[in-house]
Amino acid sequence: MPDDIRTLRRILKSSRTIAVVGLSAQWHRPSFFAAKYMQQHGYRIVPVNPRYAADGVPVLGERCHADLLAIGERVDIVDVFRRSEDVLPIARQAIEIGARCLWQQIGVVNAEADALARAAGLDSVMDRCVKIEHARLFGGLNWAGVNTGVISARRPV
Amino acid sequence: MSDRRFQPETLAIHAGQIPDAATGSRALPIYQTTSYVFDSADHAASLFNLQTFGNVYSRLSNPTVAALEERVAALEGGRAALASASGMAAEAMALMTLLQQGDHVVAAGALYGGSVTMLSVNLARFGIGVSFVDATRPEAFAAAIRPNTRALFAESLGNPSLTMIDIAAVADVAHAQGLPLIVDNTVPSPYLCNPIALGADIVLHAATKYLAGHGTTLGGVMVESGKFPWDNGKFPGMTEPSPGYHGVRFYETFGDFGFCMRARMETLRVYGAALSPASAWQILQGIETLPLRMERHSRNALAVARFLQTHPRVGWVNYPGLPDHPQHALLARQMRALDGVPMASGLLAFGVRGGAEAGVKFIEGAQFMSHLVNIGDTRTLISHPATTTHRQLDEAQQRAAGVLPDMVRISVGLEHIDDILWDIDQALQRATA
Chain A
1 MPDDIRTLRR ILKSSRTIAV VGLSAQWHRP SFFAAKYMQQ HGYRIVPVNP RYAADGVPVL
61 GERCHADLLA IGERVDIVDV FRRSEDVLPI ARQAIEIGAR CLWQQIGVVN AEADALARAA
121 GLDSVMDRCV KIEHARLFGG LNWAGVNTGV ISARRPV
Chain B
1001 MSDRRFQPET LAIHAGQIPD AATGSRALPI YQTTSYVFDS ADHAASLFNL QTFGNVYSRL
1061 SNPTVAALEE RVAALEGGRA ALASASGMAA EAMALMTLLQ QGDHVVAAGA LYGGSVTMLS
1121 VNLARFGIGV SFVDATRPEA FAAAIRPNTR ALFAESLGNP SLTMIDIAAV ADVAHAQGLP
1181 LIVDNTVPSP YLCNPIALGA DIVLHAATKY LAGHGTTLGG VMVESGKFPW DNGKFPGMTE
1241 PSPGYHGVRF YETFGDFGFC MRARMETLRV YGAALSPASA WQILQGIETL PLRMERHSRN
1301 ALAVARFLQT HPRVGWVNYP GLPDHPQHAL LARQMRALDG VPMASGLLAF GVRGGAEAGV
1361 KFIEGAQFMS HLVNIGDTRT LISHPATTTH RQLDEAQQRA AGVLPDMVRI SVGLEHIDDI
1421 LWDIDQALQR ATA
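Taken in order, these protein sequences are the chains called A and B. Letter 10 of the first sequence, counting from 1, is numbered 10 in the working numbering, and no numbers are missing. Letter 419 of the second sequence, counting from 1, is numbered 1419 in the working numbering, and no numbers are missing.
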C-alpha cells in the first residue's frame, strides 16, 4: 500500500471533489468534522448517505445522494466512513463512476476492496483520515503538536 | 515506497519546523501573540468546535510552542506532544488529565522529590492515592496494582538516585492490567533513551534540563505514544462526551493523538500552565545541539566517575555508566551507545570521606563548579542534598529517599574534562585537609 508522503500529496493536490460515503449530518460526528474541514480547504464535498438522500436533506449545504451511482458528476476521491465489511460494493461503484482514488478512513480496512481498486488503476488508501492527512501534509496538524513526519527546507505549498 | 526514517541528529534540527509560509524565514519565528484573528464567524465556530485546526489563544496553542511540541514528539518516536510551563507542569497535565477522584497510581519509590510531593501530598488532597514501590523490581509494580489503579509512573533514570526501571518489563505489567505506563525521561533525554520504543505510553520531560541545556529556561513536554487503547473501559474521560468541551469524544474524534488533545483542551486550557513562545524558542535552540551535548556530558561524566573511583578521599561512586554498577547491563539495553560504550547522561553521585561536614566543605571548595540545584546545564553543577533539598528530613528519612550524609550530586557539564577533574580534585583536597 504506497501511502508515503509523496503519494498522499499527489492524491490530495490533484483532487477537487470528494464523495463522502456515510457522511453524518450531526456536527459532533467524525465524518462531519472531516468533511467540513475539507470543504473549508477548497474541496467540493458530495454527501452519500441513503438516510438523508430520501428526504432531500442537504448536508454541509450539498445535496445528498443514496449511492455513488446517483451522483452523475466527476468524483476524484471516494472517502469511506463505513464498516470494513461494507466497503467492497462501494469500491465497485467507485470504479464504475470513474473515481480516481478509494480512500478508507481510520479503522476502515478492506484489503479486497483495496486490491480491486488498485487493479482498476485507482489510487487506494486505507486506515487513514483524509482530514488528518491533509492537515499533516499541507499545514494545520502541527498546530496540535502532532508528529507530522514532514522534514523539508521548502515553504509549505 | 515508504518515507525515510530520519536520525535523531536530523530530527533535533528539523522536526516541527519548515520555512515560514509568509516570509520564508529559515529560523523559527517567535510568534509573540496572545490571540489570533478569525476569518469569519463560521471560522470562529469551526475552531471552537475543533472542526478545523487552528490557533485561538496562546494558552491553548501557539505556532512557536507547537514547533517544540512536534520536535520532542519526533525525537521520542511519539504521535503527539503538549508543552507546558515547566517539567512539573507537564507532569501535572498528564496526571490531571488521566486521573480523577478515587483513582490510584503505582509509582517508583526513588522519584524526583517534586514528583513524590505531587503524588503523595497535592494529588492526595483531590482523593487520588499512590503506592511507592521498588523501581528495580517489575513484580513490585504488579503487586501494588489495585482495581482503581489508573497509571504506573517511573523515571527512566532516577534523580538523584540514578535508579533505572526495566521499561519493557514494567510496560508489560501495566498493559496486562489495561493501564498506561508514564515515564519521566528527563535525565537521559530523548537522544539517549526512547521509552516509547520500549513500551511506555506517555513520556514526560523537564525541558528545563538537557533539552534546553543551558540553564536559562523553564519548560516541560508531555509526549503520547499513540498506541494506548483508551477505549478499554477504564478511561471514560477519553471515550464519553466531554462536559468540559461541548460533548466531544476525544478518542473517537482524534484517535491516536486524542490524549494530547484532551490534555490541551480540558487541562491546559483550564489550569493555564502554558509555555511562553520565547521560552519555547530558547528550548528549541538548545535541542538543535542535544545529540552533541549528550555525547559530551556522558563522556565527561564517565571520566569523572572513573577518576572518583580511584580517588583516596572518595568513599563511593554511583554512576550507571561504570561497568560494575548493578544496573549497567540494563543501561546497555536501554540507552544509546557511543563507540560501543553505553551513555549514561551527565548525572552522578558520590560520597566524600568524612561525612556530611566533608561534603559541605567540598561544595564550598569548588572554584568554577556551581553550587545550585538544577541539572543538565552546560556548566558543571554540584549540590549536597542532605543540607539543601532534603534538609527538612531527619537522617533516617534521608536514607529512605536515597540521600546519604556524605552524598554529593554532580551534573557534569561541558567544560574541558581536565579542568573539571582539576576542580573536583582541589575541592576534595580542601574538604578533607
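Simulated from the structure, these hints should not be mistaken for lab results. Certain hints may be false.
[What the hints assert, rightly or not] Derived contacts from chain A toward chain B, CB cut-off under 8 Å, selection only:
1) Ala25
2) Gln26
3) Trp27
4) Lys36
5) Val109
6) Leu137
7) Phe138
8) Trp143
9) Thr148
10) Arg154
All C-beta atoms, glycine included, are put in the ideal place defined by N, C-alpha and C.
So, going through the hints one by one against the coordinates:
| no. | hint | verdict |
| --- | --- | --- |
| 1 | Ala25 | violated, 14 Å |
| 2 | Gln26 | violated, 10 Å |
| 3 | Trp27 | holds, 7 Å |
| 4 | Lys36 | holds, 5 Å |
| 5 | Val109 | violated, 14 Å |
| 6 | Leu137 | violated, 11 Å |
| 7 | Phe138 | violated, 10 Å |
| 8 | Trp143 | holds, 5 Å |
| 9 | Thr148 | holds, 7 Å |
| 10 | Arg154 | holds, 7 Å |
Taken one by one, the earlier hints fail for this structure at numbers 1, 2, 5, 6 and 7, listed in ascending order.
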